[in-house]
Amino acid sequence: MKKTKWSLLLVLGLVLSLFLAACSGGDDDAQEEPADNGDSTETPAETPEESDEPKVLNILDSSEIPTMDPAQAEDSVSIQYQDTVYEGLYRLGPGGEELVSGIAVKEDTEVSEDGLTWTFHLREDAKWSNGDPVTAHDFVYSWQRAIDPETASFYAPYLMNGVIKNAEEVNAGDLAVEELGVTAEDDYTLVVELAKATPYFESFAAFPTFYPLNQEFVEAQGENFALEVENLLFNGPFVMTEWAHEEKFVFEKNEQYWDAASVNLSGINVQVVKDTATAVGLYETGQIDRVGLSGDFIDKYQTSSEFISMPETVVFWLKFNQDSVTKGEYMQNENFRRAIAQAFDKQAFIDVVYGNSSVPADYFVPSGFVTHPETGEDFRAKYGDILTYDVDAAKEAWAAAKEELGFEEVEISFISGDSDIGTLITEFFKNELEKNLDGLTLTLKNLPFQERLEVTKAGEYELVFSGWGPDYMDAISFVDLWVTDGPNNEMGYGNAEYDKLVKSVKGELAMKPVERFEAMQEAEKIALDEVAIAPVFQRERALLSKPYVKGMEVLNPYGADYSYKYVDIQK
Amino acid sequence: MARYILQRLVYMFITLFIIATATFFLMKLLPGTPFTDVATKATPAQLEILKDRYGLNDPVPVQYIKYIAGLFQGDLGVSFQFDNRNVTDLIMDRIGPSAHLGFQAMVVGTILGIILGMVAAIRHNSWVDYVAGFVAIIGISIPSFVFAGLLQYYLAVRWQILPVSFWEGFEYTILPTIALAIFPMAICARFMRTEMLEVLGSDYIELARAKGLGKSKIMFGHAMRNALIPVITVIGPMTVSLMTGTLVIEQIFAIPGLGEQFVRSINTNDYPMIMGTTMFFSILFVAVILVVDLLYGVIDPRIRVGGKD
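Protein sequence lines correspond, in order, to chains A and B.
So for the first sequence, UniProt numbering puts the first residue at 1; every next one is plus one.
So for the second sequence, UniProt numbering puts the first residue at 1; every next one is plus one.
A couple of the hints might just be wrong.
[Claimed, not checked] Computed cross-link-like contacts, PhoX-like style, restricted to lysine-lysine with a CA-CA straight-line distance of at most 25 Å:
id : chain 1 : residue 1 : chain 2 : residue 2
1  : A       : Lys445    : B       : Lys28
2  : B       : Lys66     : A       : Lys457
3  : A       : Lys196    : A       : Lys512
No lab work stands behind these hints, which were simulated from the structure alone.
In this text the structure is predicted, and so the values were computed from the model without any measurement.
Produce the entire structure from the sequences given, and follow the hints as far as they go.
Next comes the structure, spelled out in structure tokens:
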């Protein structure tokens, strides 16, 4: 009996001393921590300058890479890292302004006169990381695999259907995959037959869905393909050497890459951090080279010399549901829509909700995205700001709407996200619109993302906050949104003239770039003159970047955010 | 004793079965499908293919039976959000850091809490007692992520004594451990103090004193042992919730733990992952409750169960 009493005490005492010892030991270790790190391969900012020192970029990401299988890539994170380790026919050049040669030599590409047949000539020195050459057969296999209904790729049919010959039929299971309009004439000649002339087809050539895959390797991996580092084969500027899921991704320069001489970085370390304060702490202590900012941190660092803000090609707007069972009649009235679209202060919205340097948008095709094929002017140069914030005009339209519809008071439901930001958004619009439009009441619904998508898809909404980012470098990615009964219209808008313009853009104007470009400008004007939607803002991304990081000053307009191939560290 | 444990194991099994069933049907009530985040760009035909592949087009009872059958074979299925990775592997990959941290925080918190509570009780109504009470109230009322943020900002960013985040060695565990340990410490301190006061006023302590036993012997041998019972009761479940990961702390210190995984699996309707983590938590939970019940007997032989017959 006596023994047990003491043993209990002994155990407690032991555990306690263990903890105390461990704690003090840890403190000592930690004192050395920064210096320790400096000697390791992590290469933080403090390491002394040395010319032959490995150039390692240390950055963070906020989420796991959802997939490294090109056929399954559909989110920005997957696209970013796939662009880093794979290469398609082309890739985005420095600054993302134009497409440059990838596995195919761009200057040698032949397009038939009707624009239906594209012949790509591949370089013969491109290799997979196991030493195999990259051939035209790898593209054929990969594209067939992507469109195969069994693969269940989202992007393959989205991008290929109606563009590549037989894609739709193959995806529906009506034709064998071999019937897809892509063939290898020989090992280094790839011939693509299109269903219709598509000028932006070449920007697909840089998109993950169209990367090549080594058939023998993929089939040997079976179900495990692309799940871990050892189930991957690379042909891009970097190879992935470690993939600790949701924790850390490590990339090293691919010495076998055909253009390895142009790759400056020796490696990239990416660690996963979701908390902004933590990320900023890591930046402040010199462990990472770049950090994204949000909310209060933007205010705090706005005057820092390391602060940068980069425009994105993402635009947000309010959608009016003209098909709404409850308020469709109101939403179909142009004055009603105009009143709402012009009654809120877009700059105030940005300040209140995001507090960053995003810009008010009076348009839906973003600025800094595409340029006129002849003059090189931005898409926005012609019509600029179409639907501006103008309280007087809004009030006038509101009075007219009241008269036309014969109402004094109206209640409209408004949907946005259920995050903190989502709540700020709905509250802002409630204040601003109710203040400026007499008799209007907004009832707010903050729904989780998934539910919001479902509700919007089902058309069970009145007013919703939503946005769009492009998938390829062509204004049609935006202009196509509002065609009557289009898959992304989801608001019952329709205009015959608009539809006609979009149809000609996708059809007979395909080979006339100038007319085609101008037709899209006209289409945008038509939709906005009718207030199809109420544009709100074009997003900018704020971050801190160490001055020695070069080649990450702008975001690519589509596809991967950055091309690490061109990034450099110049200390 | 053996019979008692066997009986408890059977109950545990039934409990788990009920939890599995309830979770399964509740989960089916979640709005959306696992594929909604990509649904804007997918064709309806593709969604059908995906649903077929994951067996989501089967009637719910069939899905249920398949799931339970898999469960019996230890197969939790594959995750939707992570490109077909095995749920068991995903959980096993991430339980390490969570369990390590939770255990460390629990040990530190419990020991400090017990000491704090005892000191407060012994020096009842003195400044020591008030300070201990104040610390306990702070610990209970201020959430751990506030401590985490403060610790991180001062100790890691400003003074750079400890690493800011990540999971690469013992020094990386210190800040999260402290942040996590404060709550169990406060709880233990309060229980311990109340219980000690009660015990110290009881007849057998008077007797011990009258017998002329030394002060430390009375405190540790008699008083503490009896006062520990309620503390043991609360620390069992608390250990489970700490060891299975805490979302906010894991995010702040960028720890690859299980807490975040669980929350996200719900947000993305990753059915197998929801089921997997819930079942995992439940198993741990009922197991710990059993251990706690057995511990009672060790600490206080009067509550020893099933041994008499």
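Here's how the hints hold up against the structure:
no., hint, result
1, A:Lys445 <-> B:Lys28, "23 Å, holds"
2, B:Lys66 <-> A:Lys457, "31 Å, violated"
3, A:Lys196 <-> A:Lys512, "14 Å, holds"
The structure is inconsistent with hint 2 alone, although it conforms to all the rest.
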